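Asks: Following the hints, position chains B, C and D with the ligands against chain A.
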Amino acid sequence: MKIETRTVGDVKILDCSGRITLGEGTMVVRNTVRELVNADNKKIILNLAEVNYIDSSGIGELVSTYTTVTNNGGQLKLLGLTRKIQELLAITKLLTVFQTYEEERKALESF
Amino acid sequence: MKIETRTVGDVKILDCSGRITLGEGTMVVRNTVRELVNADNKKIILNLAEVNYIDSSGIGELVSTYTTVTNNGGQLKLLGLTRKIQELLAITKLLTVFQTYEEERKALESF
Amino acid sequence: MNNTANEVEVSICSALDNLELIQVLTDSLTCFMHFDEDSAHWIGMSVRESVTNAIQHGNKLDVHKKVDVRFEVLPDRISITVKDQGAGFRVDEIPSPLDSANLLKPSGRGIFYIRTFMDEAEFRCPSEGGTEVYMMKKKSNQGE
Amino acid sequence: MNNTANEVEVSICSALDNLELIQVLTDSLTCFMHFDEDSAHWIGMSVRESVTNAIQHGNKLDVHKKVDVRFEVLPDRISITVKDQGAGFRVDEIPSPLDSANLLKPSGRGIFYIRTFMDEAEFRCPSEGGTEVYMMKKKSNQGE
Ligand SMILES: Nc1ncnc2c1ncn2[C@@H]1O[C@H](COP(=O)(O)OP(=O)(O)O)[C@@H](O)[C@H]1O
Ligand SMILES: Nc1ncnc2c1ncn2[C@@H]1O[C@H](COP(=O)(O)OP(=O)(O)O)[C@@H](O)[C@H]1O
Chain A
1 MKIETRTVGD VKILDCSGRI TLGEGTMVVR NTVRELVNAD NKKIILNLAE
51 VNYIDSSGIG ELVSTYTTVT NNGGQLKLLG LTRKIQELLA ITKLLTVFQT
101 YEEERKALES F
Chain B
112 MKIETRTVGD VKILDCSGRI TLGEGTMVVR NTVRELVNAD NKKIILNLAE
162 VNYIDSSGIG ELVSTYTTVT NNGGQLKLLG LTRKIQELLA ITKLLTVFQT
212 YEEERKALES F
Chain C
223 MNNTANEVEV SICSALDNLE LIQVLTDSLT CFMHFDEDSA HWIGMSVRES
273 VTNAIQHGNK LDVHKKVDVR FEVLPDRISI TVKDQGAGFR VDEIPSPLDS
323 ANLLKPSGRG IFYIRTFMDE AEFRCPSEGG TEVYMMKKKS NQGE
Chain D
367 MNNTANEVEV SICSALDNLE LIQVLTDSLT CFMHFDEDSA HWIGMSVRES
417 VTNAIQHGNK LDVHKKVDVR FEVLPDRISI TVKDQGAGFR VDEIPSPLDS
467 ANLLKPSGRG IFYIRTFMDE AEFRCPSEGG TEVYMMKKKS NQGE
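Chains as they are written, first to last, in this note's numbering: chain A, 1 to 111; chain B, 112 to 222; chain C, 223 to 366; chain D, 367 to 510.
Just so you know, these hints were derived from the structure itself, not from any lab.
Bear in mind that the values here come from a model prediction, so they are computed numbers and not experimental data.
A couple of the hints might just be wrong.
Here are the simulated DMTMM-like cross-link-like pairs (lysine to aspartate or glutamate), alpha carbons at most 25 Å apart as the crow flies [claimed, not checked]:
| no. | chain 1 | residue 1 | chain 2 | residue 2 |
| --- | --- | --- | --- | --- |
| 1 | D | 426 | B | 135 |
| 2 | A | 84 | C | 341 |
| 3 | A | 93 | C | 315 |
| 4 | C | 282 | A | 24 |
Next comes chain A alone, as it looks inside the complex:
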């Protein structure tokens, strides 16, 4: 699991790739987001287009991330959901919780 962070204006885009599964994968997401929130970033986009595997802990980690960012008065957007992540979110009624985008431009404009 790897995350590269980009800055576009006052938005942080986290390009995630690999697996978000229990252990290493979920930890990388948690630590990266926590750091950004601690530095008082309010606008965060998680780009999941290159995440080829996620388990229930990974989905849980997306939820935790959402809570962390929101509790700090920020906004979290999900970008580039794969078909499988989309399905996992849909069947656990989480698509209604997250704001999701297919295009980076649209995600950026949404803040």
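Replies: Leaving out everything else, chains B, C and D with the ligands in the frame of chain A:
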């Protein structure tokens, strides 16, 4: 396992690719060579460069092929041995039996 | 049991690293069986979820406790049984992750996913102790 | 047996198609164990040779007879046992493929290859019948 047969002058070059293992793989070699020998071809090159897996039955099939061709008054040459095939032939003292070549040109000139 | 079935039994110690071993074995079985890519993915994930539960909740990461995974490979289906040496649990007491009170909880979705993606899923507490999860997935007829 | 070893037991019926199942399982184990590519290849081939023998010479392609393959995954080595339900044989009576009289025979090299590529190889006829082949390969220290 796949074999494509090319003709260069009076020489038949058999470009083998895939696996030569018990069953399908060895059968393809056997049938292809038998057909050529029945049509009285005397000069045959087996190009093994793209053979990524061979088992003891595959090595045995190379020996049978050698016998079939030789008994018909023909000559069989091996081309492009992978490191693994080379090792399998070496430890069963078969490198002394076969004439082997790294370059197609040299194999062709050897007849 | 079918006389011409192939069986694979795996016994691992309860370390999360071994999830990768289970994953590669499951993937090689579904590949050998020519499951379509989606089904293979969901089977792999369901097995991973149940083995994760067995290691974490069942055996509580005690490396001296074993998780036993048994795959039965049949022409038209795969069935998988995951057993641990934990205290067992009652699946009907597990809260639904779809309840609005649970929607934003960071955990509690594994069993729900298993039930969604497998054709059959049963959670048993055998008399000898531990938890036994049984899962089954049929091959679809597409492209067969 | 080591208490923290991982074990994989596979039981297949005696059809040559199942060689692919054994091959993918072996490959996924050696990959999980991070064997170097050459060692992984030779382990896979040795297992394939012994399972081929078990199916062909042992069980004589009778699909109702089983071949049992047991992998023991240890931190520094893998050991594999292959059992069939055949008549057994005496390995010391098997002719050497290196004898000049046998050099051009189309078969008879499998056991020789197994012995060459594995660190240990034993061929036993247990009292309950059949043949049991035990093989072991250590991980080299390179790149560890
Ligand atoms: N093998 C098991 N042994 C004991 N308890 C289990 C086992 N599997 C699941 N559970 C219980 O069921 C709950 C729900 O499991 P699950 O849906 O997989 O979500 P999560 O693992 O994220 O909590 C667990 O929190 C645990 O209390
Ligand atoms: N599992 C087995 N059961 C009975 N006989 C066996 C078994 N394995 C090997 N053999 C005997 O040993 C001989 C040599 O085996 P091997 O070296 O693998 O070469 P091949 O299989 O090509 O004959 C076989 O031909 C067979 O007679």
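Asks: Work down the list of hints and note, for each, if the structure agrees.
Replies: Going through the hints against the structure:
1. D:426 - B:135: Status holds; Cα separation ~18 Å.
2. A:84 - C:341: Between residue 84 of chain A and residue 341 of chain C the Cα gap is close to 18 Å, so the pair holds against 25 Å.
3. A:93 - C:315: holds (21 Å)
4. C:282 - A:24: Judged against 25 Å, a Cα distance of about 18 Å means the pair holds.
Checked against the numbered hints above, the structure breaks none of them.
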